[in-house]
Structure formats: structure tokens, C-alpha cells
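S.K.: As a plain string of letters, each chain reads:
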Amino acid sequence: MAETAALENSKQIRNARQSPASILRAAFESGSVTGAVELSEVQFLTMVGVRVDPDTEAGMRISSVTGGLPPRSGDVRGTGDTAVLWMGPEEFLVVAPTEAHESLGGNLIQALRSALGDGEGQVVDLSANRTTFELKGPRARAALEKGCSLDLHPRVLKTGTALSTEIGNIPAILWKTGDESYRIFPRASFAYFLGRWLLDAMREYASPEVP
Amino acid sequence: MLLIPCPNCGPRDETEFHYGGQAHVAYPANPAELTDREWAEYLFYRDNTKGAFAERWVHSTGCRQWFNMLRDTVSYDIQAVYPMGTPRPATAIPAAAESGTASTGADSTTTGNTAPSISATSTASSTPAPEGATK
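In order, the protein sequence lines correspond to chains B and F.
Just so you know, our numbering puts 158 at position 158 of the first sequence, and the rest follows in order with no gaps.
To convert, count from 1 in the second sequence and add 211; that's our numbering.
Simulated from the structure, these hints should not be mistaken for laboratory data.
Treat each hint with caution, since some may be false.
[What the hints assert, rightly or not] Below, a list of computed lysine to any residue pairs in the SDA-like style, where the Cα atoms sit at most 20 angstroms apart:
#, chain 1, residue 1, chain 2, residue 2
1, B, LYS146, F, THR272
2, B, LYS11, B, ALA128
3, B, LYS136, B, ARG196
4, B, LYS146, F, PRO222
5, B, LYS158, F, ASN219
6, B, LYS158, F, PRO222
7, B, LYS146, F, THR226
[Claimed, not checked] Rough simulated footprint, nothing fancy, chain B against chain F, three-plus residues with beta-carbon under 8 angstroms:
#, segment
8, 217 to 231
9, 274 to 283
[What the hints assert, rightly or not] Residues of chain B clear of chain F, computed beta-carbon distances all greater than 12 angstroms:
#, residue
10, THR4
11, GLN18
12, ARG25
13, GLU29
14, VAL42
15, ASP55
16, GLU57
17, ALA58
18, ARG77
19, ALA111
20, SER189
21, ALA206
22, SER207
Here a beta-carbon is modelled for each residue, glycine too, at the ideal position from N, C-alpha and C.
Please build the complete structure, drawing on both the sequences and the hints.
M.R.: So, in C-alpha cells, the structure goes:
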């Protein structure tokens, strides 16, 4: 009983909190160009920073919880709606839906913690570290190319690749989730800047193309 | 801008990296026994090489890993990228001889042969080289 009460309480607290780019919600809606490029914020995804050597026993245990650990830069592993992004040779970012967070009754973080056990490494709740932007549409790549020096052409950047790089001069993680859709993870303090920057980059696609 | 071949992430812009200064500056074995001058040389004195220079870099917005890089300070040619803790690879092109036809071995990563460095490990090469300008 007490547990469910605590869960209800934390759900109420969650309803009261604001995501880093919530102030831009209206601007995202008015700045999105249907059929060209659309921007939105995905709020409060559960993110867990994992540091472990994948070749150790602890690494294998964590790998069995997450559904694999990505071996190389750009790789993404995972099962269902839980994804593991490669951040470094021994550093990974687990991205899961909001409900996976322990304050909402999820058990992802505890499962990772107990998988790590007393092995060498770290499991840290980083849900508040970054927010998630979703950029979609046939011109999404063109908008991103204004401020990202990676080769975003589909023959180089395949769907299902996640790279940590710079977008608009700030560090962010770029995850290509579909042929024309990207997820961008800026740090919370950069969310407003990057939101405005992307809106500016998208603006020209609202006007008819100049022949 | 340099295009630096990160050993983990591939070629990326220089702005994603941070510079770590001269590589192969070993911590003194017995720091307490050093004179003030030797200690100051360890802390502050670095080579000012014209030509191939071994230096440390960290891919701070990428994989956050350190690595060593052999870069020509004149042509900015990146001659080799090799892991921390390994000796400096032999310079692909003699630093003095190359003039116009540089960049043959542009990003030939890790020239495997671990020829020991000659002056590279000049950790405490005690001569402060006052006539350094002629180098």
C-alpha cells in the first residue's frame, strides 16, 4: 500500500515538472513545416549511463539485460523499445521509454545495477542529463547539414546509427532512427539553444523553393 | 581546420578534439630527488619542433578517449595516430627532406614497426637548448 502511495506521489511530482525545451513547444509546432521538416521534443526519456568493459563478466551480464552492447562507434543494440548507444569503448547510453524509470515503477535501472553487481563499472541514472528532439521529414537532413560536419548522406550514415558529435557548434548525440527521421540528444542546458538553432535552420523550407 | 582520424570514431573535425600537449613526457621516477630546475623543466619545458611532432589529443565530444598523433608542425600533415603508451612510430617522411611533395602518407594510421624514438622521449633531455632558434 505504502509503495503504491509513493508511486502515486512521484507520478504527481512528475506531472508538475517541466522538460528542458517545454518552453519551446509552441515554437516547435509553429516552426514545423508539414511535409518538409518537423521538430518536436520527446519528453523525459529514461537514460542510463553505463560504463563497463564489454569483455568482462559484468559486461556480459549487462549485455544480457540490455540485449547486447554495441561494439563500435555508431552502433546501436537493444531489444524492444530499449536501445543502447555506443558512447565510447567502455561507455554506453541506454535509452528507454519514460515508464522504465524507477520513479514510475520501472525496473530498468535496478536491473542494470544488479547486473553490474560488484563488477568494475558504473550504472548512473542520466534521465535528466539530456532531452530528446525528434526531427523528421524529407528536409531533415538538409536542415541538419547546416550545422553538422558528419557526412549525413544515406550511403554513409545508415538508419540505426548513433554518433556523438557537434550540431550547431554544441555537443550532441545524433541518432538516425529512420530514413528521414533523427533523434537528437542535447544536454538539458543546450536544449533551448539547439531548439532555436534548428527552428532557424528549418525556416527556409516553409517558403516555396526558389527555382 | 584539421580533419583528425580518431582511432575509434574515424575522421572528425578538429573542433571535436582537445589538445593535450607534447606526448611521451614521462613522469619523473623520483620526483622528490629532482632539483628545482629539473622539476621546472619537467613541468613547463616542451619541445618546439619544426617538423614531425608527437602530441596528445582527446576526442572530447566523441568517444572521450586519448590518443597520440604524429603531426607535422609545418604542413599540418597527420603522419600517424597511435594508442597512448606505445612508442612513437618512425617518422614516415624525414622531417627535413620533405618540401613540396608532402602528404604522401596522409593518414597512414599506425605504422606498425615500433622503432624506438630517437629524441622523441626527450623527457628530461636536460639541455635547455638555448640555441633552439636554429632548429
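S.K.: Each hint needs a verdict: does it hold in this structure or not?
M.R.: Status of each hint after checking the structure:
Proximity of B/LYS146 to F/THR272 is assessed by CA-CA distance (about 18 angstroms); at most 20 angstroms being required, the pair is judged to hold. For the suggested pair B/LYS11 and B/ALA128, the alpha carbons sit about 16 angstroms apart, so the restraint of at most 20 angstroms is met. Restraint check for B/LYS136 and B/ARG196: the C-alpha separation of about 16 angstroms stays at or below 20 angstroms, so the hint holds. Note on B/LYS146 and F/PRO222: the hinted pairing holds, with a Cα-Cα distance of about 19 angstroms set against a maximum of 20 angstroms.
For the hint linking B/LYS158 to F/ASN219, the alpha-carbon distance of about 18 angstroms falls within 20 angstroms, and the restraint holds. Between the alpha carbons of B/LYS158 and F/PRO222 the distance comes to roughly 17 angstroms, so the proposed pair stays at or under 20 angstroms and holds. Restraint check for B/LYS146 and F/THR226: satisfied, since their Cα atoms lie roughly 16 angstroms apart, inside the 20 angstroms limit. Restraint check on the segment 217 to 231 of chain F versus chain B: 7 residues with Cβ-Cβ distances below 8 angstroms, three needed, restraint holds.
Counting residues of the segment 274 to 283 of chain F whose CB falls under 8 angstroms from any CB of chain B gives 3; the rule of at least 3 is met. In this structure B/THR4 is separated from chain F by more than 12 angstroms, as the shortest Cβ-Cβ distance comes to about 41 angstroms. A cut-off of 12 angstroms between C-beta atoms confirms that B/GLN18 is not in contact with chain F; the least separation is 27 angstroms. With a least beta-carbon separation of about 28 angstroms from chain F, B/ARG25 lies farther than 12 angstroms from that chain, consistent with its non-interface assignment.
With a cut of 12 angstroms on Cβ distances, B/GLU29 stays outside the contact zone with chain F, its closest approach being about 30 angstroms. Listed as outside the interface, B/VAL42 is consistent with that label: its C-beta sits roughly 22 angstroms from the nearest C-beta of chain F, beyond the 12 angstroms cut-off. Separation of B/ASP55 from chain F is adequate, the least Cβ-Cβ distance of about 16 angstroms exceeding the 12 angstroms criterion. Non-interface status of B/GLU57 relative to chain F is upheld: no Cβ of that chain comes within 12 angstroms, the nearest being about 23 angstroms off.
At roughly 20 angstroms, the least C-beta separation between B/ALA58 and chain F is larger than 12 angstroms, which holds for a residue marked as non-interface. Every C-beta of chain F lies more than 12 angstroms from that of B/ARG77, the closest at about 17 angstroms, which supports listing it as non-interface. Its beta-carbon lying about 26 angstroms from the closest one in chain F, B/ALA111 satisfies the requirement of being farther than 12 angstroms from that chain. At the 12 angstroms boundary, the C-beta of B/SER189 stays outside the reach of chain F, the nearest C-beta of that chain being 15 angstroms off.
Non-interface status of B/ALA206 relative to chain F is upheld: no Cβ of that chain comes within 12 angstroms, the nearest being about 29 angstroms off. The claim that B/SER207 lies off the interface holds: its Cβ sits roughly 30 angstroms from the closest Cβ of chain F, which is beyond the 12 angstroms cut-off.
Violated hints: none; the structure is consistent with every hint.
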